[in-house]
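Participant: Next come the chains, spelled out residue by residue.
Number of protein chains: 6
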Amino acid sequence: MKILLLNPNTTEALTDRMSEIAQDVAGSDAQIVPLTAPRGFPYIASRTEAQIAGAISYEMLAEHSHDADAAIIAAFGDPGLIGARESFDIPIVGMAEAAILHAAMLGERFSIVTFSPVMRRWYADCSRAVGLDGRFAGVRTPDEHFQDVGRAHLDLRSEIVKLACDAVKHDGADVIILGGAPLAGLSQDLQKDIPAPVVDPIAAATVQAISLAKLTSRQVLASRASKPIPKSSTGLSACLSDVLARGQAL
Amino acid sequence: MKILLLNPNTTEALTDRMSEIAQDVAGSDAQIVPLTAPRGFPYIASRTEAQIAGAISYEMLAEHSHDADAAIIAAFGDPGLIGARESFDIPIVGMAEAAILHAAMLGERFSIVTFSPVMRRWYADCSRAVGLDGRFAGVRTPDEHFQDVGRAHLDLRSEIVKLACDAVKHDGADVIILGGAPLAGLSQDLQKDIPAPVVDPIAAATVQAISLAKLTSRQVLASRASKPIPKSSTGLSACLSDVLARGQAL
Amino acid sequence: MKILLLNPNTTEALTDRMSEIAQDVAGSDAQIVPLTAPRGFPYIASRTEAQIAGAISYEMLAEHSHDADAAIIAAFGDPGLIGARESFDIPIVGMAEAAILHAAMLGERFSIVTFSPVMRRWYADCSRAVGLDGRFAGVRTPDEHFQDVGRAHLDLRSEIVKLACDAVKHDGADVIILGGAPLAGLSQDLQKDIPAPVVDPIAAATVQAISLAKLTSRQVLASRASKPIPKSSTGLSACLSDVLARGQAL
Amino acid sequence: MKILLLNPNTTEALTDRMSEIAQDVAGSDAQIVPLTAPRGFPYIASRTEAQIAGAISYEMLAEHSHDADAAIIAAFGDPGLIGARESFDIPIVGMAEAAILHAAMLGERFSIVTFSPVMRRWYADCSRAVGLDGRFAGVRTPDEHFQDVGRAHLDLRSEIVKLACDAVKHDGADVIILGGAPLAGLSQDLQKDIPAPVVDPIAAATVQAISLAKLTSRQVLASRASKPIPKSSTGLSACLSDVLARGQAL
Amino acid sequence: MKILLLNPNTTEALTDRMSEIAQDVAGSDAQIVPLTAPRGFPYIASRTEAQIAGAISYEMLAEHSHDADAAIIAAFGDPGLIGARESFDIPIVGMAEAAILHAAMLGERFSIVTFSPVMRRWYADCSRAVGLDGRFAGVRTPDEHFQDVGRAHLDLRSEIVKLACDAVKHDGADVIILGGAPLAGLSQDLQKDIPAPVVDPIAAATVQAISLAKLTSRQVLASRASKPIPKSSTGLSACLSDVLARGQAL
Amino acid sequence: MKILLLNPNTTEALTDRMSEIAQDVAGSDAQIVPLTAPRGFPYIASRTEAQIAGAISYEMLAEHSHDADAAIIAAFGDPGLIGARESFDIPIVGMAEAAILHAAMLGERFSIVTFSPVMRRWYADCSRAVGLDGRFAGVRTPDEHFQDVGRAHLDLRSEIVKLACDAVKHDGADVIILGGAPLAGLSQDLQKDIPAPVVDPIAAATVQAISLAKLTSRQVLASRASKPIPKSSTGLSACLSDVLARGQAL
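Chains as they are written, first to last, in my numbering: chain A, 1044 to 1293; chain B, 1044 to 1293; chain C, 1044 to 1293; chain D, 1044 to 1293; chain E, 1044 to 1293; chain F, 1044 to 1293.
Isolated chain A, as found in the complex (with noise of 0.2 Å):
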């Protein structure tokens, strides 16, 4: 089985730990196969940015998804999830509704703990956009904004496990969610200083890839009444703009 690890961000770096994670994670249910975006921002924090890179992620899912089996969008925020979707013809897991879901089987109420207040008010949409509000505790984040994302993981340690433990405490979290890529892989390491399950989004997007892969067929996508229209188009990549002028016939 092969899985898209889509990186909506510039930043190799991420990319490289995230799938190093997802890897590990898959062991030899599946190959992890990273993808940086080409273009776009070194890391996504705002609405204005999901929307291009969301954009940006259908040329890298044209490009690369023909012989894949599953793609995770690798950004917390799930930029351009619901598009894709509907679009392309493999499952599409985001990592931040994958988080989502994954958690809510684990307990009834959960929260996210980040490393920027610039990120609160993106993440607060991803429960809404998954539809899970009614069991979400909020999002916690240190007061400052973080600079060096690269650094999240190592300078904050503390700050997020005190987040975590008031979001069980204090909101009444019965599982925590580590949101953002900068955090990936922390959750292990963090996992036996807070009173809660500890979800790494990452870890959940690849058992979830793997889960939806081996139920959901490519066929069974491809045959469902609810693809948009084909659709011609001009200036997109060559590759994006043949996706959808296949599409479905009505």
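By construction, these hints were calculated from the structure, which means they are not laboratory data.
Each statement offered as a hint is correct.
You can't tell identical chains apart in this list, so a pair holds if it fits in one copy or across any two.
Below 27 Å or equal to it, Euclidean Cα-Cα: the simulated DSS-like pairs (lysine-lysine) are:
hint : residue 1 : residue 2
1    : K1235     : K1205
2    : K1235     : K1274
3    : K1212     : K1235
4    : K1212     : K1274
5    : K1045     : K1235
Note that the structure is a prediction, hence the values are computed from the model and not measured.
With chain A fixed as given, assemble chains B, C, D, E and F onto it according to the hints.
Facilitator: Leaving out everything else, chains B, C, D, E and F in the frame of chain A:
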């Protein structure tokens, strides 16, 4: 990995069919351990029955969960799910919840198709319990109650296909869930006639149980802050009484 | 008129105190018949316990409801309420539901004040179960669990008053519900110190049981279309098995 | 105990019929005091009319509530209910709200059946105002407006039965509310032909008014923190102006 | 174009200030016609007062709307808005509704800042009435009631700025609405100290009234199917009685 | 005043028709500047297409917004609206959002009528995105997809009228929105045959853009606290990259 497939109904034939499907899906990833309720109802169809069967399922879990890695409550409707998850220290998967969350990663809106109008209310409750009622496109069933639960998958095939196609066409369902243990195993056969991914709840529950067990250990769940306080009891099964008496120190 | 006061806890002292209050409220309008759970928990405080105690309450109803005009499930949290109402042909009143609906006629928003943080989650569930969570202003409890349930009404008086006043001032509560059987009978004494109507759930349940019994007969409830279908069972108490086997013809 | 039955419509025949039913239900528990709006509309059917009639009902309450123990606003739709409850120190019961909350204790989902499509919007508003729209299964009415309000209970009997049966069968109603003063008194006669408990709003309002008055005194309501601040006014009835000028000190 | 600025309060000084602002905003696009309630309250602050003042506003509309192109109900809280819109054939703008909908086009989440805690409940109702409570970030007010409504805009300047900044920082408000007629005209002065667009409700209501009147004629509104049926009445002002008696033929 | 009318579709004929309508509505109040997407789709009809076109619209805004007072994203469905509003310092109006909010001031419930069932899902998303789904009475469309977008306003006239009348009669719509650029300009002609105000989204967007620009300056929007932080990027258009790199200092 060892996964309990706990049928809260007393009908062993259903346990057998579901275990077979689950073991097929699990392959070498997990050993499925079938359990059938020692008392209760041949087939649960009301909230009263779910209340009673849920309580019985705790006795089954208390007796058999000590060396298991996860458990599936194998009745669509998930009797006792919330309490089981609260009190037992292994991942607990509900057949309806797993199907619904799995479906939510395949498309935006899901419908449940089942074999009897009697199930309608209870199944609609499931979506609300999960919290995804905003994405729930309804339950479709035959108009008349189908008495012979054991023959539902044989005699209702064409009607189930029609109901599923109607859900896609008229209710806007992107994904179809075949609800109810009696329809277990039918999805693969029906899929080619239904223009939407068809989710088999027992298959979804199996992949989800494996996913959860892979990432969350008994030790982590044992140290949750949100567990109930220990409680003495009288007149319950010895095993269950023991489990509840241990609980968690405040 | 004969009204069952069914305590799903095993603590007879609680049954006695609640029955006394209920009989005081009922006066000559109804005879209160106290019943204490023959097995289970001294005091229910989790969903697991509620699942089990709810099932036990059906055995009690099956044995005693044949000549009653209504029944009160006398534990705040209403274990088994939905199923009991579904399967028994007399009005069934839940202590939490009655308190909440009663409160809703006295003011717009209500808060629940109780004696232990352990109850917080389960009591919040009640408002959602009733459907009035849009008017629910929250649960206020002491920070620490109060172990001696039997002394709660004696030792926590001043703290309860403070919590209620905070709910009025900070949460915008128009009405205060004193949640939990251990606080039964306290409302009259506390009322003068709290600037909002204080609802005693057992008193509310009593007036509501009388109200329902006055207007709705057993015969009317027996002919409901929405009753579950009859169902055979094994291993349940003989009385309960009989009730469920009669059910209603399709 | 003295309960005002305040008809915000100007049709005395409706007041008489409703008072008779209410006195029958109250028996020796309470004396029903009928009041008819001195000006306004023969029969309220729009939000404009409800706004005006609600204001008139405050004049009636200001003049007559000083020695009453509770009041019923006897128009389905509850004109002026929220303000009346805010400003007057006796329990105020709305006919629609009481019917809805009463119904909520008899079953999970309720429908409203009434005599004219003109009422549809306003009656659906009621469920939302109460906050129980999640349990509201809809309004069913004849297709055509029935002009002669005074004859509705005579001429529409068989149509009302059919609408109620449809609500049970197709909308999943567990309880039927006969909405609108013109159908007052009809429920007992229709009950035998409808397979769900039928709630007469005026009967429900009467038992609820008695219940509330039994447990909540004028003194308690007078000391609520959430009362409006005193306010001077010009051009209102002297009684009403007095009530509002007293209010509550900040 | 002629726009009624209908103040449902009796304080002419407020009418004057609001009319001046409205005329400034309207410039040569419209003539603002100020109207002050002939009876009622100097300043509405409760639902009781809103019920009464709403009814009075219908008399004002009935007398003055015949040659107007739109009307503004110039009290934050929009007393009588739904009925006015239902029964009168010109666009009717509520000051709170217009401010909220205007704010919704400037940012995702809005807060209301006002001069007294007494307004809190009623103003929160507005967001719910409009239907945008999902985007409502709360009401912020001084802790104490400010008695001198006429001096609020002078004496509370710095406190209002602080409350607005807190709403931005702590509640995540993208837009600030200055609620309540006494703060009319303050927004321009405060804007430079508040890091979010500040909406003046009377200015918003004015531009919205002009917008609506530009695109929707009296003739179109007169032929709506959803108008109430004509209704005779007694004891109302002659003008209002006439308007309601004309209504719309079924 | 200068208002950009930004068509995210590539069909210039649609831009021309919409600009003409907008300029007619604006009169001398504003100069409408038409812009057509330089690449993308002739007519957006899916979320995938909206994701891509939204990103393209940011390039258009980056290039042309520097001397504009407001911009209209002129595709019903509002591709990219949230991000555009977040990152650009002029009021941004979405055609669907403006139509919905405008409709909300004309009546309680609104329906969308459009030319193709393909649009149904995306248009229903709009009401949810705005937050007014509680007042949304549904989308009505012909059963079959109408291929020739350019002739929709000519060939579908009678069908659109019928759909609108059905929405009023059966769905309880008080206001009708004609959704989709291909129906732009049709409302005035159809209005006389539809018993509810008909909203033309491009007209509504125009009056709303003028309203917003009148009251909110570029300077105010530039100093918002809730703007995204500045962000470097690679591979985007130079203009857009510049806009995002400026952003706002933390």
